[in-house]
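Visitor: Produce the complete structure using the sequences and hints provided.
As you go down the protein sequences, you meet chains C and R in turn.
Counting from 1, one number per residue, gives the positions in the first sequence under the UniProt record's numbering.
Counting from 1, one number per residue, gives the positions in the second sequence under the UniProt record's numbering.
These aren't lab readings, by the way, just hints derived from the structure by calculation.
Predicted model, so just to flag it, every value in this text is computed and none were measured.
Here a beta-carbon is modelled for each residue, glycine too, at the ideal position from N, C-alpha and C.
Heads up, some of the hints might be wrong.
Simulated pairs of lysine to any residue, SDA-like, Cα-Cα distance not exceeding 20 Å [what the hints assert, rightly or not]: (1) K675(C) <-> D59(R); (2) K724(C) <-> L57(R); (3) K761(C) <-> M82(R); (4) K761(C) <-> E53(R); (5) K724(C) <-> A58(R); (6) K675(C) <-> R105(R); (7) K539(C) <-> D155(C); (8) K292(C) <-> G360(C); (9) K675(C) <-> L97(R); (10) K761(C) <-> L97(R); (11) K889(C) <-> L57(R); (12) K158(C) <-> V550(C); (13) K761(C) <-> A93(R); (14) K724(C) <-> G98(R); (15) K675(C) <-> I78(R); (16) K761(C) <-> D96(R); (17) K889(C) <-> A58(R); (18) K675(C) <-> E53(R); (19) K724(C) <-> E53(R); (20) K724(C) <-> D59(R); (21) K675(C) <-> G104(R); (22) K761(C) <-> R92(R); (23) K292(C) <-> D189(C); (24) K675(C) <-> D103(R); (25) K675(C) <-> G98(R); (26) K675(C) <-> M82(R); (27) K761(C) <-> I78(R).
The calculated label-pair distances, taken between Cβ atoms and stated as ranges, are [as the list claims (entries may be wrong)]: (28) A61(R) <-> R778(C): 53 to 63 Å; (29) A61(R) <-> V615(C): 33 to 43 Å; (30) A61(R) <-> V803(C): 24 to 34 Å; (31) T694(C) <-> A61(R): 18 to 28 Å; (32) A773(C) <-> A61(R): 51 to 61 Å.
Short derived list, chain C residues pointing at chain R, Cβ under 8 Å [to be verified]: (33) P488; (34) F565; (35) P648.
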Amino acid sequence: MNLIWVPLLPLLGCLVSLLLGRYPRSTMALGAAILPAIALGIVVSLAPEVMSGSNPVVTYDWVPALSLQISFMLDGLALMFTLLILGIGLLVILYARYYLSEADNAGRFYASLLLFMTAMLGVVLSANLIQLWFFWELTSVSSFMLISYWSHRSDARKGARMAMTITGAGGLALLAGLILIGEVVGSYDLRTVLASGSLIAEHSLYPVIVVLVLLGAFTKSAQFPFHSWLPQAMAAPTPVSSYLHSATMVKAGIFLMARFYPVLSDTHLWFALVSLVGLTTLLVGAYTALFKHDLKGLLAYSTISHLGLITLLLGLDTELASIAAMFHVINHAVFKASLFMAAGIIDHESGSRDMRKLNGLFRYMPYTATLAMVAASSMAGVPLLNGFLSKEMLFAESLHQETFGSLSWLIPLLVTVGGALAVAYSLRFVHDVFFNGEPIGLEKTPHEPPRYMRVPVEILVVLCLLVGVLPDLIVGDLLVAVGASLMPAGVPEFSISIWHGFNIPLLMSFLAVLGGVALYRQRRHMFNFQARFTEVDPKLAFEHMIQTLVERARSVQLWLDNGSFQRYALWLLLMAIAAMSVPMVNIPHARGSLEVTELDMVALGGALLMIVASVATAMLSHQRLLALVTISVVGLVVSVAFAWFSAPDLALTQLSVEVATIILFLLALYFLPQKVSLNHLSPGRIVRDMGIATAAGAIVGTLTYAMLTRPFDSISSFFTENAKTGGGGTNVVNVILVDFRGFDTFGEITVLAIASLGIYKLLAGVRLFVPAADMDGRPWSKDSHPLMLMQISQSLLPLALLVSAYIFLRGHNLPGGGFIAGLITAIALIQQYVANGVVWMRDRGDLKFQWFIVWGLFIAFASGVGSWLFERPFLTSWFDYFYLPLVGKFELASAMAFDLGVYLTVIGATLSILANLGKLTTTDRPTRPGRRS
Amino acid sequence: MELIFAVTVGVMVTCSVFLMLRGHTFAVVIGLTLMSYAVNLFLFASGGLALHEPAILADGAEYSDPLPQALVLTAIVIGFAMTAFALILAIRARADLGNDQVDGRALPGDSLANKEPQGKIRQSSVSSTAKNTGGKSR
Chain C
1 MNLIWVPLLP LLGCLVSLLL GRYPRSTMAL GAAILPAIAL GIVVSLAPEV MSGSNPVVTY
61 DWVPALSLQI SFMLDGLALM FTLLILGIGL LVILYARYYL SEADNAGRFY ASLLLFMTAM
121 LGVVLSANLI QLWFFWELTS VSSFMLISYW SHRSDARKGA RMAMTITGAG GLALLAGLIL
181 IGEVVGSYDL RTVLASGSLI AEHSLYPVIV VLVLLGAFTK SAQFPFHSWL PQAMAAPTPV
241 SSYLHSATMV KAGIFLMARF YPVLSDTHLW FALVSLVGLT TLLVGAYTAL FKHDLKGLLA
301 YSTISHLGLI TLLLGLDTEL ASIAAMFHVI NHAVFKASLF MAAGIIDHES GSRDMRKLNG
361 LFRYMPYTAT LAMVAASSMA GVPLLNGFLS KEMLFAESLH QETFGSLSWL IPLLVTVGGA
421 LAVAYSLRFV HDVFFNGEPI GLEKTPHEPP RYMRVPVEIL VVLCLLVGVL PDLIVGDLLV
481 AVGASLMPAG VPEFSISIWH GFNIPLLMSF LAVLGGVALY RQRRHMFNFQ ARFTEVDPKL
541 AFEHMIQTLV ERARSVQLWL DNGSFQRYAL WLLLMAIAAM SVPMVNIPHA RGSLEVTELD
601 MVALGGALLM IVASVATAML SHQRLLALVT ISVVGLVVSV AFAWFSAPDL ALTQLSVEVA
661 TIILFLLALY FLPQKVSLNH LSPGRIVRDM GIATAAGAIV GTLTYAMLTR PFDSISSFFT
721 ENAKTGGGGT NVVNVILVDF RGFDTFGEIT VLAIASLGIY KLLAGVRLFV PAADMDGRPW
781 SKDSHPLMLM QISQSLLPLA LLVSAYIFLR GHNLPGGGFI AGLITAIALI QQYVANGVVW
841 MRDRGDLKFQ WFIVWGLFIA FASGVGSWLF ERPFLTSWFD YFYLPLVGKF ELASAMAFDL
901 GVYLTVIGAT LSILANLGKL TTTDRPTRPG RRS
Chain R
1 MELIFAVTVG VMVTCSVFLM LRGHTFAVVI GLTLMSYAVN LFLFASGGLA LHEPAILADG
61 AEYSDPLPQA LVLTAIVIGF AMTAFALILA IRARADLGND QVDGRALPGD SLANKEPQGK
121 IRQSSVSSTA KNTGGKSR
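Guide: Listed below in structure tokens is the structure:
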């Protein structure tokens with residue numbers, strides 16, 4: 001069977017569970033279990049192949065352009081984890097059938113559980129780093145849904161949020177680490193990455209990669225100091241805890257370390273970091289577990305401790321340490337899952353998890369008690385059980401490691417202390433709950449659970465015993481296969497057996513048991529000492545941390561983004577200055593190699609005029625009418641400059657735009673204050689702004705100079721060579737606009753049209769204060785339309801239209817064209833509005849400016865589409881010469897139609913902007929009160 | 001000549017940036033206009049400065065670079081549209097917010113807010129002034 005079905009079947013099972021949501025719980029459990037069971041069958045059928053050394057792989061292209069693939073691989077490591085995930089998952093499904101009550105939504109429970117199972121399978125089977133990360137995050141999300149399953153409970157919500165936040169943050173670090181690995185190796189394919197160990201280890205980014213990947217692993221596996229989420233996740237239903245904290249969620253971090261063990265380990269940094277964190281977690285977890293009164297709390301901290309143990313093993317630099325780590329993964333999963341289930345049974349059948357109330361349960365549930373005691377003994381490391389074997393291996397390996405030089409002897413000592421603590425809390429679990437007098441204040445009389453609720457525990461406990469007695473037979477081959485994944489160079493010979501003779505590890509075990517019993521007997525003193533600490537609720541601490549973080553972030557954000565556009569403009573300008581400064585510094589000289597042109601007096605005079613006028617504009621901006629005068633000087637000199645520097649088209653355009661702009665500003669001033677005071681301006685602000693402005697000006701000025709004095713290759717020769725032959729015009733600028741770059745121009749007139757429509761919308765419905773007098777209190781002139789002005793402008797109109805027609809027609813060969821002609825026409829019409837008033841104009845023909853725009857755009861578009869009729873690309877131009885009597889030889893070009901479109905659009909847009917604004921001034925005239933058309 | 005051209009563009013940019021950092025909408029729009037002049041000159045200069053060489057084809061003539069000219073020509077027109085849009089936005093903002101500050105928050109010591117009432121201001125209640133183009137209903 002294909003490997004892809006292994007993660008896919010539980011995902012389908014997720015749907016089955018949702019569909020079966022209204023059936024009895026037994027049906028639902030069966031429905032949920034079938035597909036994962038088939039997946040387990042597939043994995044088992046593939047197992048011999050993996051054990052013999054070949055790794056089945058399936059790969060599908062996902063986004064080939066980004067070399068993203070969907071890729072699954074089953075190697076020894078993945079095989080072991082897949083068996084645990086599916087095997088224990090199936091037992092949990094059965095167990096949950098009896099644990100969940102009628103009131104619980106079992107469909108949702110099984111769906112979340114199977115989604116989580118899919119995510120875990122995806123993590124262990126992924127052969128692509130990005131895909132691995134995707135499933136990694138999916139475990140965080142789906143575990144959130146499982147932990148917060150009883151969402152009406154505040155502690156469940158908070159615990160879920162805490163787990164999500166911490167593991168999610170670790171996931172981001174992991175993503176960064178994986179991307180770095182992908183960048184270093186040049187591939188996100190796991191097999192390629194696993195084959196490039198030395199490449200990564202010798203790269204300068206290696207320490208960053210290790211730290212980032214380990215952050216992901218440590219947060220997921222609840223390593224100190226990221227362990228605080230795990231006890232909070234105990235708010236989940238017990239089947240969830242039994243699944244998440246034995247075989248899956250927390251083991252994902254271990255899996256990650258094992259997955260990258262061949263490439264990332266084998267350096268001092270790895271060994272030091274991993275072993276120290278593991279050791280600390282082992283001790284902190286074991287010590288804290290001793291003081292928990294909640295059954296699940298004790299198990300939670302013991303889980304942390306055992307995860308520390310596995311991590312420590314992965315950080316030991318001895319030959320068999322990683323094999324021992326993987327062996328303990330199996331053992332811990334088996335005994336911890338059964339212990340959680342036993343704790344759930346006790347909770348379920350006695351109504352409490354508090355060890356101060358639970359006493360002497362052996363009498364009430366002897367069968368369950370026996371099972372729990374065997375599992376707890378395995379946790380403590382009692383001989384003949386699986387926990388003993390891996391703990392012995394830890395003791396043996398801890399004796400051989402050399403990471404800490406002359407201080408290395410501390411490790412075996414501290415590990416023995418950890419072993420003693422494990423014995424102590426296991427003893428507490430057994431003695432406090434099942435013996436030690438009678439129950440105190442239980443709500444119901446404890447009794448044995450339903451028959452099948454015990455089955456999963458039985459199976460797991462039998463496994464504990466079988467592995468403990470016949471380790472080589474049961475897991476020997478599997479561990480060799482796992483070893484092949486961890487040590488591709490070759491797995492050292494090893495055999496796991498119960499009896500190695502009298503040696504130091506056995507002595508350490510013996511000491512640990514003795515020490516554990518002693519600790520438990522003296523627990524009263526330790527409890528008294530522990531009571532002197534003020535206990536901090538990790539949930540509150542976490543909430544406090546999150547809130548502080550949010551506050552800090554908010555204050556930074558308020559500083560950056562204080563709602564002031566001035567502030568934004570400042571940031572943008574500073575960014576632009578910073579971005580430009582660096583390349584500017586790298587240009588050695590501002591002056592380039594080109595000969596400079598000689599300075600003539602006209603240019604100097606114009607430049608000085610422009611400088612003076614610009615500075616005056618900046619200084620007089622509060623006296624707005626004066627500022628308008630000075631800025632219009634700048635605009636005029638700019639148009640003269642264009643004329644001077646051989647750009648007649650630009651000069652004409654600038655001149656006509658200048659007129660329109662100033663009319664616009666004058667109209668706007670009618671609605672805006674004409675003068676403002678500058679009293680509010682702080683001198684510091686002025687100095688700061690002047691500094692920024694000077695920096696910007698200096699950069700642009702230098703850039704201009706550098707550009708002007710450097711030679712460059714222009715593509716313009718193409719345009720000058722082809723303007724006549726290809727475009728049929730001698731005015732190259734116009735031919736570029738309407739022919740070569742016609743599509744650009746089409747876009748530009750569209751922008752113009754959109755701007756004018758936007759303005760139309762902005763002005764529609766505006767409620768304006770229309771001043772009755774100017775700012776100094778003088779009333780407006782009564783004679784708003786002087787007769788002289790009216791007469792002259794009326795008689796000028798035909799002339800102006802004639803000029804614009806002439807400019808338009810000659811545009812293809814001489815300075816002119818649609819843009820300029822359009823502006824001239826618009827200004828001629830605006831002049832009529834100014835001289836005669838809106839009412840007068842309306843009475844003499846109502847100009848619908850929008851129609852100009854529409855027709856203009858349509859004609860321009862149609863002239864472009866027209867070329868399709870001749871099977872040419874959009875906007876291909878055509879021209880030819882004709883002869884008419886009287887007129888003589890003349891040229892017709894499709895570009896002229898396009899230019900007509902430009903012409904009309906410019907008229908429509910300009911008029912619609914100016915006239916619509918101008919009409920606002922007339923609205924409250926008595927002749928037209930609130931008139932609507 | 002190149003030097004004085006560059007200096008002029010630099011000064012124009014300086015003045016325009018200073019204006020764009022002001023709080024009154026009018027100053028910002030003026031600054032924007034000044035900036036578009038400077039940018040147009042800068043773009044134009046990318047083709048080099050040439051005297052008496054317009055890009056009008058004739059026999060044996062030298063030509064200035066027509067491409068920056070074509071680009072600047074449309075830039076001028078679009079610059080006008082942008083200035084107009086910004087200016088109308090400022091008017092609209094003043095109508096809706098009652099002040100002419102970029103941030104829409106009136107300054108406590110601003111003369112404008114104090115002066116306005118004494119100017120005998122009437123509020124025009126035209127709901128859709130821009131529609132007042134037709135003469136049909138007369």
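Visitor: Against this structure, judge whether each hint is valid.
Guide: Hints, one by one, checked against the model:
| no. | hint | in the structure |
| --- | --- | --- |
| 1 | K675(C) <-> D59(R) | violated (55 Å) |
| 2 | K724(C) <-> L57(R) | holds (8 Å) |
| 3 | K761(C) <-> M82(R) | holds (15 Å) |
| 4 | K761(C) <-> E53(R) | violated (44 Å) |
| 5 | K724(C) <-> A58(R) | holds (10 Å) |
| 6 | K675(C) <-> R105(R) | holds (18 Å) |
| 7 | K539(C) <-> D155(C) | holds (8 Å) |
| 8 | K292(C) <-> G360(C) | holds (18 Å) |
| 9 | K675(C) <-> L97(R) | holds (19 Å) |
| 10 | K761(C) <-> L97(R) | holds (17 Å) |
| 11 | K889(C) <-> L57(R) | holds (19 Å) |
| 12 | K158(C) <-> V550(C) | holds (17 Å) |
| 13 | K761(C) <-> A93(R) | holds (13 Å) |
| 14 | K724(C) <-> G98(R) | violated (56 Å) |
| 15 | K675(C) <-> I78(R) | violated (28 Å) |
| 16 | K761(C) <-> D96(R) | holds (14 Å) |
| 17 | K889(C) <-> A58(R) | holds (19 Å) |
| 18 | K675(C) <-> E53(R) | violated (44 Å) |
| 19 | K724(C) <-> E53(R) | holds (17 Å) |
| 20 | K724(C) <-> D59(R) | holds (12 Å) |
| 21 | K675(C) <-> G104(R) | holds (18 Å) |
| 22 | K761(C) <-> R92(R) | holds (10 Å) |
| 23 | K292(C) <-> D189(C) | violated (45 Å) |
| 24 | K675(C) <-> D103(R) | holds (19 Å) |
| 25 | K675(C) <-> G98(R) | holds (16 Å) |
| 26 | K675(C) <-> M82(R) | violated (24 Å) |
| 27 | K761(C) <-> I78(R) | holds (18 Å) |
| 28 | A61(R) <-> R778(C): 53 to 63 Å | holds (56 Å) |
| 29 | A61(R) <-> V615(C): 33 to 43 Å | holds (38 Å) |
| 30 | A61(R) <-> V803(C): 24 to 34 Å | holds (26 Å) |
| 31 | T694(C) <-> A61(R): 18 to 28 Å | violated (41 Å) |
| 32 | A773(C) <-> A61(R): 51 to 61 Å | holds (58 Å) |
| 33 | P488 | violated (59 Å) |
| 34 | F565 | holds (5 Å) |
| 35 | P648 | holds (5 Å) |
In this structure, the hints that do not hold are numbers 1, 4, 14, 15, 18, 23, 26, 31, 33, in rising order.
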